[in-house]
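**Q** From first to last, the protein sequence lines stand for chains A and B.
Number 500 in this note's numbering belongs to position 500 of the first sequence; there are no gaps in the numbering.
Number 156 in this note's numbering belongs to position 156 of the second sequence; there are no gaps in the numbering.
Watch out, some of these pointers could steer you wrong.
[Stated by the list, open to error] Derived, one-sided and incomplete: chain B residues facing chain A with beta-carbon distance under 8 Å: (1) V20; (2) A21; (3) R23; (4) L24; (5) M36; (6) G38; (7) W75; (8) R102.
The set of hints was computed from the structure by calculation and includes no laboratory data.
Note that the Cβ used here is the ideal one computed from N, Cα and C, for glycine as well.
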Amino acid sequence: MIAEAGLAALWLAAALAALQLALACGSGGEQGRRIATIRAVAVAQGLLTIAAFAALVLVFLRSDMSVLLVAENSHSQKPWIYKLAGAWGNHEGSMLLWVTVLAIAGSVVALFERRLDERTLGASLGAQAALALGFFAFLLVASNPFERLNPAPLDGRGLNPLLQDPGLAFHPPTLYLGYVGLSVAFSVAVGGLIRREVSPAIARAMRPWVLAAWIMLTLGITAGSYWAYYELGWGGWWFWDPVENASLMPWLAATALLHSVNVLAARGGLRAWTMMLALVAFSMSMVGTFLVRSGILTSVHAFAVDPTRGSFILALLTIYIGGALTLLALRIADVKEGAPFEIVSREGGLVINNLLLSVILGVVFVGTLYPLIAEAVSGEKLSVGPPYFNSVASPIALALGAFLLIGPQLRWRRDAAPLLPRIAPGLLVAIVALVATIVLWPTIGILPRLGLALGAGLIPASVMPLFGRSLRRTPLAIWGMVLAHLGVSVAILGMASDSAFTKERLAAARPGETVPVGPWLVEFREVMPVAGPNWTAIEAELRASRGSGVTILKPQSRFFPDPPTTTNEAAIDTSWNGQLYAVLGERDDQGRWQLRLWWKPFVTLIWLGGILIALGGALALAGRLFRERQQRRRIEEAFE
Amino acid sequence: MSRYLRFVPLAVLLLFVVVVAWRLVMPEDTKVRSQMTGQPVPTFALAPATNGIPGLSSKDLATGQPRLVNVFASWCVPCIAEAPLLMELKRQGVPIDAVAVRDKPADVAEFLGRHGNPFERIGADDESRVQIALGSSGVPETFIVDGRGVIRYQHMGPIEPGDVPALLGEWEKAR
């Protein structure tokens with residue numbers, strides 16, 4: 001019954017999306033009344049979609065095995081939190097989550113958007129409805145999450161034990177919030193282009209959505225990276241896997257958009273470019289969803305491959321992106337030139353930021369798809385891995401980081417004042433750090449060395465925009481920018497330190513033996529069996545000592561009976577200056593255990609940086625929303 | 001923006017759609033074929049895998065006559081399925097040798113006792129070294145090696161009844 005109610009809600013929501021699109025296209029009716037209707041329809045559509053998603057969550061929590069999706073992906077003995085996460089830990093459920101976020105975003109725009117004029121808002125909500133309609137059709141035609149199974153099995157087929165992890169339970173929803181949050185930027189850009197109304201108001205309407213989506217993407221990518229790091233037991237934090245790239249590409253586009261949208265909002269410049277980025281950012285979300293959901297690229301993320309579904313999403317993606325880009329190509333000539341600026345100015349700096357980010361985006365896009373292109377053209381099979389991405393993307397990313405020493409210090413429009421005093425602190429620290437690394441560690445690679453120098457220089461450079469300001473009257477958005485840039489420097493330091501100083505040790509050891517790694521002496525004490533709620537494991541006890549400090553690590557080799565799977569649970573000891581990472585492997589005939597140990601100095605800075613970047617975004621978002629409310633109130637008071 | 005430049009994003013999209021649609025229409029061939037096809041068999045010498053049957057070395061494969069080399073294991077279920085077809089090939093006059101991967105002499109003897117022995121020689125490949133050197137990615141696999149010791153053909157997975165004529169044809173071609 002719950003499943004049928006959910007399906008009915010989904011159909012109704014789809015019908016309302018069609019109505020919303022028709023209302024937005026139709027020209028009849030009085031303008032004011034029509035926009036009120038569109039707003040109401042959008043909100044109703046959002047509520048119905050939420051109801052459908054709630055129904056799915058409910059059947060998962062109740063372990064209703066007569067629903068095919070539950071039977072395939074859940075198990076009555078699973079902890080409830082993973083039953084909940086199971087609702088979106090599969091294809092159909094995750095697509096329903098996707099549409100739910102899309103519909104909620106549409107409702108929120110309909111309820112709260114006051115910056116756009118009514119016609120542009122109507123056109124934007126129409127675009128949002130068109131997006132939703134396609135994905136509703138996809139769910140109802142090709143991925144019905146509420147399909148029944150008759151007769152119902154006694155119990156479900158479980159969930160991949162790798163996915164039974166709190167981090168992963170909330171990683172996909174976070175990424176989806178980011179992916180789909182960008183849909184509003186897309187719709188507003190389409191609305192603006194249709195209405196030939198590419199104005200700062202559009203940028204201001206877009207900005208909070210871009211910021212919020214970007215925060216979610218940043219958090220999602222950071223969490224995903226940490227998950228891969230501790231759960232896969234490979235000791236790395238980024239693998240350039242196609243599915244990772246699928247989340248990185250929208251992030252790169254959103255980062256560029258986040259910067260250019262400010263130029264449009266504040267100075268009215270970069271109009272056409274910002275519109276293109278807004279379209280590209282959500283396009284990358286759709287491309288990413290397609291790449292992940294179609295299973296078209298070989299990846300460690302094993303998702304089911306289904307050509308029908310792949311073709312369906314490909315068709316949607318072609319219609320939406322193709323339509324939007326055609327609109328852009330046709331209307332771009334009508335987009336007015338923005339306010340002029342000189343090359344040495346904040347605008348000029350943001351243009352360079354955008355160009356570098358776009359180049360990195362291009363590098364990742366080409367690298368991700370190159371195996372497909374090569375096989376289509378020459379029939380040759382190949383894979384593109386870390387050597388390509390690291391050697392091509394890292395130098396550009398470093399150049400972008402180096403530019404961060406200068407960019408935020410520039411002033412809007414034209415900057416005639418001497419620049420050197422403003423960039424000197426960052427530059428000096430970077431140069432001193434570079435010399436110090438050459439003296440202290442002459443053998444490390446060039447990229448990590450530059451990364452260390454740059455990361456150090458960026459600390460003062462990030463804080464510089466606060467210099468000479470009254471700190472109490474500095475807007476929150478500036479604090480947010482400073483914090484986010486500081487996060488970039490912290491993350492760069494972590495990445496450089498990890499690649500420069502990591503010590504790895506692979507040993508075959510018997511209980512009682514001691515293995516050194518970096519500054520640590522790791523004593524292999526014993527191996528014993530342990531049991532958890534739905535797994536059994538072999539657990540090693542390692543006593544790691546460094547000077548007088550002692551810590552106990554307990555890596556496990558875990559066995560899940562249903563479905564039968566073995567996973568390696570790494571044991572990680574975090575101290576202020578790094579992480580000791582231990583993985584227990586197999587036992588050989590002579591009673592020796594495979595033991596893989598890493599000492600990773602300051603590796604935690606990578607994720608700390610990611611969190612700081614997201615926090616900076618959150619501060620900026622809060623500041624912008626707060627200030628807008630104040631301004632609106634002031635205007636309202638003036639009219640009273 | 002110039003007239004042509006504005007269509008660049010559309011062109012990129014078009015390229016993406018074409019490439020991706022091609023992959024959707026032509027599903028990926030996930031088999032990892034051996035790079036050794038057309039190359040001489042790598043040099044190796046394996047001890048007997050079980051009592052009474054000689055071991056296998058690369059020299060035994062260059063005898064002037066094409067031979068089949070079956071990569072198998074007693075613990076491999078599909079190997080049981082293909083066993084009668086190997087017997088059939090032997091009956092038709094095809095000489096067959098084998099590489100037993102990660103196996104034990106007693107298990108190999110039991111396997112041959114139960115499912116018949118089509119093999120003239122069986123080498124014990126306890127650490128999969130020869131299997132990997134041949135470019136085989138799993139068991140069972142069957143290679144055709146010509147009289148000069150060059151690998152001419154690779155069959156991946158169990159031999160099924162429909163595969164027998166093709167294997168016979170390839171063996172004839174390798175003469």
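**Q** Each hint should be assessed against the structure and marked as holding or not.
**A** Here's how the hints hold up against the structure:
no.	hint	in the structure
1	V20	holds, 6 Å
2	A21	holds, 6 Å
3	R23	holds, 5 Å
4	L24	holds, 5 Å
5	M36	violated, 16 Å
6	G38	violated, 17 Å
7	W75	violated, 17 Å
8	R102	violated, 12 Å
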